[in-house]
Amino acid sequence: MSTAEENGVKETVKRFILSSIAIADLDDDDNLFESGIVNSLFAVQLMTFIEKTFAIEVEMDDLDIDNFKSLNATTAFVIRKNGRRSG
Amino acid sequence: MVKRAVFMQHLLTDQQKARHIEFKNFVTLNIEPFAEQWDREQRIPDHVISMLAKSGYLGSSLPPDYGGQGWDIVTFGLLNEALGKGSSSLTGVLTVQSMVSMALLKWGTDEQKATWLPPLAKGKIIGAFALTEPGAGSAIQSLTTEFTQCSLDNSLILNGQKQWISCGQHAGIFLVFGKLGKSSIACLVPATTPGLEVEAIHGLMGFRAAGLAKLTFNNVKVRSSDIVGKPGFALSHVAQVGLQYGRISTACSGLGLLRGCFEESIAYAAVRKIAEKNVGEFGMIRSLIARMGTDLEAGSFLCHNACRSEDDHVPEAFEKTLTAKYFTSRAAVRAASDAVQIRGASGCHESSSVSRYYRDAKIMEIIEGTTQIHEEILGKIFVDQADRSGT
Chain E
1 MSTAEENGVK ETVKRFILSS IAIADLDDDD NLFESGIVNS LFAVQLMTFI EKTFAIEVEM
61 DDLDIDNFKS LNATTAFVIR KNGRRSG
Chain X
1 MVKRAVFMQH LLTDQQKARH IEFKNFVTLN IEPFAEQWDR EQRIPDHVIS MLAKSGYLGS
61 SLPPDYGGQG WDIVTFGLLN EALGKGSSSL TGVLTVQSMV SMALLKWGTD EQKATWLPPL
121 AKGKIIGAFA LTEPGAGSAI QSLTTEFTQC SLDNSLILNG QKQWISCGQH AGIFLVFGKL
181 GKSSIACLVP ATTPGLEVEA IHGLMGFRAA GLAKLTFNNV KVRSSDIVGK PGFALSHVAQ
241 VGLQYGRIST ACSGLGLLRG CFEESIAYAA VRKIAEKNVG EFGMIRSLIA RMGTDLEAGS
301 FLCHNACRSE DDHVPEAFEK TLTAKYFTSR AAVRAASDAV QIRGASGCHE SSSVSRYYRD
361 AKIMEIIEGT TQIHEEILGK IFVDQADRSG T
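These protein sequence lines map, in sequence, to chains E and X.
Mapping of the first sequence onto this note's numbering: residues 1 to 87, in sequence order.
Mapping of the second sequence onto this note's numbering: residues 1 to 391, in sequence order.
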């Protein structure tokens with residue numbers, strides 16, 4: 001995957017996160033789940049969003065906080081699931 | 001009896017409309033004549049659950065690969081709406097079966113799915129969602145049911161209590177939630193597992209035939225292969241998938257109860273006379289019926305929107321489902337109270353369906369998250385949206 005494509009994934013995920021939680025901006029490595037800003041539905045909503053948007057399925061083996069804890073982590077997960085090499 | 005078209009008929013496909021008619025006919029024939037009796041006896045006969053199974057209703061949303069019907073979620077909603085008018089207690093079987101089945105479909109291992117989904121789809125086994133505890137209801141983060149690692153092998157040892165578990169009396173398999181150290185965990189526990197005691201709960205105000213049970217786990221051994229999902233994700237992912245279907249089911253069941261109140265009320269208002277005038281000619285009664293009919297229409301939109309969003313697999317589906325459940329459960333309580341009021345003394349007798357609706361409706365505001373929990377979550381979502389838009 002090219003850097004441009006990776007940035008596209010990241011920007012799409014970022015727009016969703018910013019539309020879902022009450023923060024003004026988000027750094028690439030901000031921990032979404034330690035900050036206390038997300039509601040109890042956010043984890044499954046984020047999962048559903050990336051499944052729908054990137055046509056992937058989050059499976060039992062994917063349940064690892066390192067796959068979803070930040071914008072960078074989620075972007076890397078989407079790229080891996082799509083079977084493409086990052087960057 | 002006057003029949004109202006509900007659930008946004010113009011938004012349904014011909015197949016969905018045909019199935020809704022089939023579901024309503026099933027209810028008229030097999031449920032409504034017996035619902036008061038089940039309520040009095042505080043039990044649904046096994047042959048009735050077998051009838052649900054035979055009709056394919058217990059595996060309605062599971063894929064055909066596992067023996068399910070593969071119906072869309074709008075159709076699942078229509079099924080719950082139809083059954084909800086007949087008996088909230090019986091609809092509870094659909095509710096928990098879908099909660100366990102769909103959580104397992106999403107997060108189960110291949111072995112778990114191959115073992116459990118076909119019998120769940122065919123209704124050969126009933127599942128129950130063991131989340132609520134004596135000290136933890138809607139605040140599911142407060143669970144105290146404890147799993148510990150067995151020192152001898154790779155298994156887990158389960159201790160604790162679950163309370164108010166719908167269909168616990170009928171269940172052959174429980175999806176049990178608890179803590180493993182600081183992590184949440186979900187495991188499948190067959191009802192026959194040594195150390196598990198299932199105790200029927202009687203004397204409920206509503207939902208009297210829903211087979212509620214108290215579960216006590218005393219050093220119950222659980223195989224590591226029976227863990228669903230992974231430790232740490234039981235509440236955030238496994239439970240939320242189950243609760244999503246539980247809320248869709250409850251929202252639509254509440255809508256069916258609301259329709260029952262409305263149909264009973266307009267039929268009664270059309271024939272019951274007071275001083276040579278039909279009850280329906282009095283403005284006070286018309287006001288009650290107007291509110292009921294408007295809530296029915298609004299609830300139909302909200303339920304369809306929730307089901308359709310789940311079919312579309314969009315993240316908004318969770319919020320729309322909370323909204324639908326919040327609305328129909330509260331509207332059902334109002335409608336049931338007004339339906340009893342319209343009928344007067346006859347609505348207070350156990351032979352009257354509105355008296356049962358009155359008791360069952362309140363339960364709708366409590367199960368799958370109380371009204372207050374819905375307000376807490378939805379209120380935060382809406383305020384956050386205002387923050388983002390700068391309003």
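Please note that a few of the clues may not be correct.
Unchecked claim - Calculated lysine-lysine pairs in the DSSO-like style (CA-CA distance at most 27 Å, straight line):
| id | chain 1 | residue 1 | chain 2 | residue 2 |
| --- | --- | --- | --- | --- |
| 1 | X | Lys-113 | X | Lys-179 |
| 2 | E | Lys-69 | X | Lys-179 |
| 3 | X | Lys-182 | X | Lys-122 |
| 4 | X | Lys-221 | X | Lys-113 |
| 5 | E | Lys-69 | E | Lys-14 |
| 6 | E | Lys-69 | X | Lys-230 |
| 7 | X | Lys-122 | E | Lys-81 |
| 8 | X | Lys-362 | X | Lys-380 |
| 9 | E | Lys-10 | E | Lys-52 |
| 10 | E | Lys-10 | X | Lys-182 |
| 11 | X | Lys-122 | X | Lys-179 |
| 12 | E | Lys-52 | X | Lys-380 |
| 13 | X | Lys-179 | X | Lys-230 |
| 14 | X | Lys-179 | X | Lys-214 |
| 15 | E | Lys-52 | X | Lys-113 |
| 16 | X | Lys-54 | E | Lys-52 |
| 17 | X | Lys-273 | X | Lys-230 |
| 18 | X | Lys-380 | E | Lys-69 |
| 19 | X | Lys-230 | X | Lys-214 |
| 20 | X | Lys-124 | X | Lys-182 |
| 21 | E | Lys-14 | X | Lys-113 |
| 22 | X | Lys-179 | X | Lys-221 |
| 23 | X | Lys-230 | E | Lys-81 |
| 24 | X | Lys-124 | X | Lys-113 |
| 25 | X | Lys-54 | X | Lys-122 |
| 26 | E | Lys-69 | E | Lys-52 |
| 27 | E | Lys-69 | X | Lys-182 |
| 28 | X | Lys-17 | X | Lys-182 |
Just so you know, the hints here were simulated from the structure itself, not pulled from any lab data.
Verification of the hints:
no. : hint                  : in the structure
1   : X:Lys-113 - X:Lys-179 : holds (23 Å)
2   : E:Lys-69 - X:Lys-179  : holds (21 Å)
3   : X:Lys-182 - X:Lys-122 : violated (37 Å)
4   : X:Lys-221 - X:Lys-113 : holds (21 Å)
5   : E:Lys-69 - E:Lys-14   : holds (13 Å)
6   : E:Lys-69 - X:Lys-230  : holds (16 Å)
7   : X:Lys-122 - E:Lys-81  : violated (33 Å)
8   : X:Lys-362 - X:Lys-380 : holds (24 Å)
9   : E:Lys-10 - E:Lys-52   : holds (15 Å)
10  : E:Lys-10 - X:Lys-182  : violated (31 Å)
11  : X:Lys-122 - X:Lys-179 : violated (31 Å)
12  : E:Lys-52 - X:Lys-380  : holds (24 Å)
13  : X:Lys-179 - X:Lys-230 : holds (12 Å)
14  : X:Lys-179 - X:Lys-214 : holds (19 Å)
15  : E:Lys-52 - X:Lys-113  : holds (23 Å)
16  : X:Lys-54 - E:Lys-52   : violated (34 Å)
17  : X:Lys-273 - X:Lys-230 : violated (63 Å)
18  : X:Lys-380 - E:Lys-69  : holds (21 Å)
19  : X:Lys-230 - X:Lys-214 : holds (26 Å)
20  : X:Lys-124 - X:Lys-182 : violated (35 Å)
21  : E:Lys-14 - X:Lys-113  : violated (34 Å)
22  : X:Lys-179 - X:Lys-221 : holds (15 Å)
23  : X:Lys-230 - E:Lys-81  : holds (19 Å)
24  : X:Lys-124 - X:Lys-113 : holds (15 Å)
25  : X:Lys-54 - X:Lys-122  : holds (7 Å)
26  : E:Lys-69 - E:Lys-52   : holds (19 Å)
27  : E:Lys-69 - X:Lys-182  : holds (18 Å)
28  : X:Lys-17 - X:Lys-182  : violated (48 Å)
Comparing the model with each numbered hint stated earlier shows that hints 3, 7, 10, 11, 16, 17, 20, 21 and 28 do not hold.
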